[in-house]
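*Asks:* Now for the letters of each chain:
Protein chains: 2
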Amino acid sequence: MAPMTESLKYELLARDSATRARLGRVTTRHGAFDTPAFMPVGTQGTVKGILPDHIAATGSQIILGNTYHLMLRPGEKVVAELGDLHRFMSWPGPILTDSGGFQVFSLADINKISDDGVTFKSHIDGSTVHLTPQRSMEVQNALGADIIMMFDECPPGDAPREYQVEALERTLRWAKQCVEAHKRPGEQSLFGIVQGGVDLELRAKCAEELIKLDLPGYALGGLAVGEGFEGTRSVLNATTPLLPDHKPRYLMGVGFPRDIIEAVAAGVDMFDCTIPTRNGRNAYAFTAQGPIRLRNSQFTRDTTPIEVGCDCYACGAFSKGSIRHFFFAGEMLGPILVSLHNIRFYQRLMADVRRAIGEGTFENFRQTDPRCGLGPKVQIET
Amino acid sequence: MAPMTESLKYELLARDSATRARLGRVTTRHGAFDTPAFMPVGTQGTVKGILPDHIAATGSQIILGNTYHLMLRPGEKVVAELGDLHRFMSWPGPILTDSGGFQVFSLADINKISDDGVTFKSHIDGSTVHLTPQRSMEVQNALGADIIMMFDECPPGDAPREYQVEALERTLRWAKQCVEAHKRPGEQSLFGIVQGGVDLELRAKCAEELIKLDLPGYALGGLAVGEGFEGTRSVLNATTPLLPDHKPRYLMGVGFPRDIIEAVAAGVDMFDCTIPTRNGRNAYAFTAQGPIRLRNSQFTRDTTPIEVGCDCYACGAFSKGSIRHFFFAGEMLGPILVSLHNIRFYQRLMADVRRAIGEGTFENFRQTDPRCGLGPKVQIET
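Protein sequence lines correspond, in order, to chains E and F. Residue 1 is where the first sequence starts when you use our numbering, and the numbers rise one by one after that. Residue 1 is where the second sequence starts when you use our numbering, and the numbers rise one by one after that.
Keep in mind the hints are simulated off the structure, nothing from the lab. Built from N, CA and C at the ideal position, the CB exists for glycine as well. Among the clues, some could well be false.
[What the hints assert, rightly or not] The following label-pair restraints were derived from C-beta to C-beta distances:
id : chain 1 : residue 1 : chain 2 : residue 2 : range
1  : E       : His-246   : F       : Val-308   : 43 to 53 Å
2  : F       : Asp-109   : E       : Arg-73    : 36 to 46 Å
3  : E       : Leu-13    : F       : Arg-184   : 52 to 62 Å
4  : E       : Asn-282   : F       : Arg-278   : 22 to 32 Å
5  : E       : Glu-359   : F       : Ser-122   : 54 to 64 Å
6  : F       : Val-308   : E       : Gly-358   : 44 to 54 Å
7  : E       : Ser-297   : F       : Asp-109   : 46 to 56 Å
[Unchecked claim] So the derived list for chain E, only partly shown, Cβ under 8 Å to chain F, looks like this:
id : residue
8  : Lys-48
9  : Leu-51
10 : Pro-52
11 : Arg-73
12 : Arg-301
13 : Phe-328
Please construct the entire structure, taking both the sequences and the accompanying hints into account.
*Replies:* Written as structure tokens, this is what we have:
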């Protein structure tokens, strides 16, 4: 492959006829990934408990790191001195970092939001930290991910409309500041983030303004934060068509299989979520027939794998009975194995989604494959 | 390979000329391992944090499981119903289980030691448990390891001689009861355990009596329990020559590289120890130049692997700086990576020991290789 002259290339390979779903491929300077793509989350430099060879074996082609956490510990300068985030995580393939905005607004003890940025207390040592569009770019430039995100404000879904308007204006100003502050546009692709809550007018305005910046890709932010499935769907269906057809689209922090399938049908290409790993650490395993809780006593003597037919390492090597024991004994292998299975479950789903789009059968797949209905309210087997 | 007609075959392949060190190979019904061999410890069905493919990649050929822990949780019947310990751990190669004796005497809240066994409180639920030679065999027969150990009493090293004599008499009676109770001698090899503290006369008497039972292998127990390096060496040098030349010899629970090398020189073939994994979980990494503590601030920006030239997964993939961060961030990958490195460190040492014995250079290796001097008192780099 000749050296890339741009930071990112998006190829649209096929369109579904019945929905807006699209099959594509994104190439970065650290390799390519097929879309629709799911990105496992490696918050603090690791996908919790899983060595990179096993991450790769799940079929993951791109992973996500969290700017907020890495900025506070070990600090982006340390990561850069250790060779950038790829070396730090031992992940030679594509990486995306978020802007820190979502974590600041959802996790941090915020002191002040002003036009230049956010002041908050570090959750690690209580020190005061100031995060601005410029600082977010500085940190993400140092981390060196292939795709980086603009710093945005994420107001609560139930904030009054006038606050939503004010936050959106700020987000649009910050977007321009991010573009100006971004020092490595030839290597790192800065994606815009469309905000606006469930207000379709605000969403449209935000999309319109961000498109003027001609960014290499666009994300939808501030969804799956309590607005409900119908709210998400309505924003997705109204906003995704406004985004450029020849650039990748990323729905941030989503979600359950049902949500991902819905967004794929609306034309979204990229996803990240902590659900497979966080639920995995809690002994919650995905299967096509619904989730199972591996601490349940019904599995004590169960010699079968988490999911018959699954090709993940956990299902190839261990019975449900063993894994249940590992959770009760406090052995790390419990969380590790169920996280591995869940990531592979998501990646098999994405591979099947891509195949269906390519074969023109996505609408049928979406209607008939039991995985496509898995959401938070599916009955837990007990 | 033709089906085995015996539970274990020991081949003595080479003898060192300057010491009693020997190169050999032990074949079990689940495969073979080269001796001198080091067995990582998988107490509760896992070598903590490490998936079996990575254990195999360290060069480990046989691993150890703890009867005491597995008997209490999930219970040996559950393990048997799940297909035996090999399937339970997903380790298709050779496995050794201890008898439970050492853990009962070192960990448990003992109520009573009598001629028929030991009564103690479970550390899991406080229930009263009775462990006897017959029960230890029943549990180990159910677990299904390739090598199983007789149930012995492990008196404290500083117990008065008359108690040592009494304990030894009991251990010898229990040995015979174990032989009688062992239901699967064609599949599982029962090893005898020579006790007797630092009293060479008692050790010799114990060895003599156990040899009469014509067991497939012999272990030295009750060493490295506080008697000091000189005490261990004196027992090793006096007792190992009394054991049959054509059977494997196992020094239980030992130890640091220095201790293993000393025992190899005395003619010991098998070792197990939790040091590589337990120390690894505490960020203590072995290197030929001495141990390093990965939490140390000197490693914050260190781009080099734990040990330059090491071929383990951790050293191939991660810098000391990353690993240090993982410990501070509470990420599982910290303990996992250092445990992996330490096991590989031990296995590289064992491979080099075997090569040296085979080439007739063991005495020189022992005198000149810096690893051979690594013990608990080596200065920690700070």
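*Asks:* If a hint holds in the structure, say so; if it doesn't, say that too.
*Replies:* Status of each hint after checking the structure:
At about 47 Å, the CB distance of His-246/E to Val-308/F agrees with the hint of 43 to 53 Å. Range check, Asp-109/F to Arg-73/E: Cβ separation about 41 Å, and the 36 to 46 Å hint holds. Between Leu-13/E and Arg-184/F the beta carbons are some 59 Å apart, a value that agrees with the proposed interval 52 to 62 Å. Taking the beta carbon of each, Asn-282/E and Arg-278/F are about 26 Å apart, inside 22 to 32 Å as hinted.
Against the hinted window of 54 to 64 Å, the Cβ-Cβ separation of Glu-359/E and Ser-122/F comes to about 57 Å, which satisfies the hint. Checked against the given bound of 44 to 54 Å, the beta carbons of Val-308/F and Gly-358/E, roughly 46 Å apart, stay inside it. Our hint of 46 to 56 Å for Ser-297/E and Asp-109/F is violated, since their Cβ atoms are close to 27 Å apart. For Lys-48/E, the interface hint holds, the least distance from its beta-carbon to any beta-carbon of chain F being 6 Å, beneath 8 Å.
The beta carbon of Leu-51/E is positioned within 8 Å of a beta carbon in chain F (closest approach about 7 Å), and the interface hint is therefore held. Among the interface hints, the one on Pro-52/E holds; its C-beta lies about 6 Å from the nearest C-beta in chain F, closer than the 8 Å criterion. Given the 8 Å rule on beta carbons, the hint for Arg-73/E holds: about 6 Å separates it from the nearest Cβ of chain F. Against a cut-off of 8 Å between C-beta atoms, the interface hint on Arg-301/E holds, since the closest Cβ of chain F lies about 5 Å away.
The restraint placing Phe-328/E at the interface with chain F holds, with a minimum CB-CB distance near 7 Å, inside the 8 Å limit.
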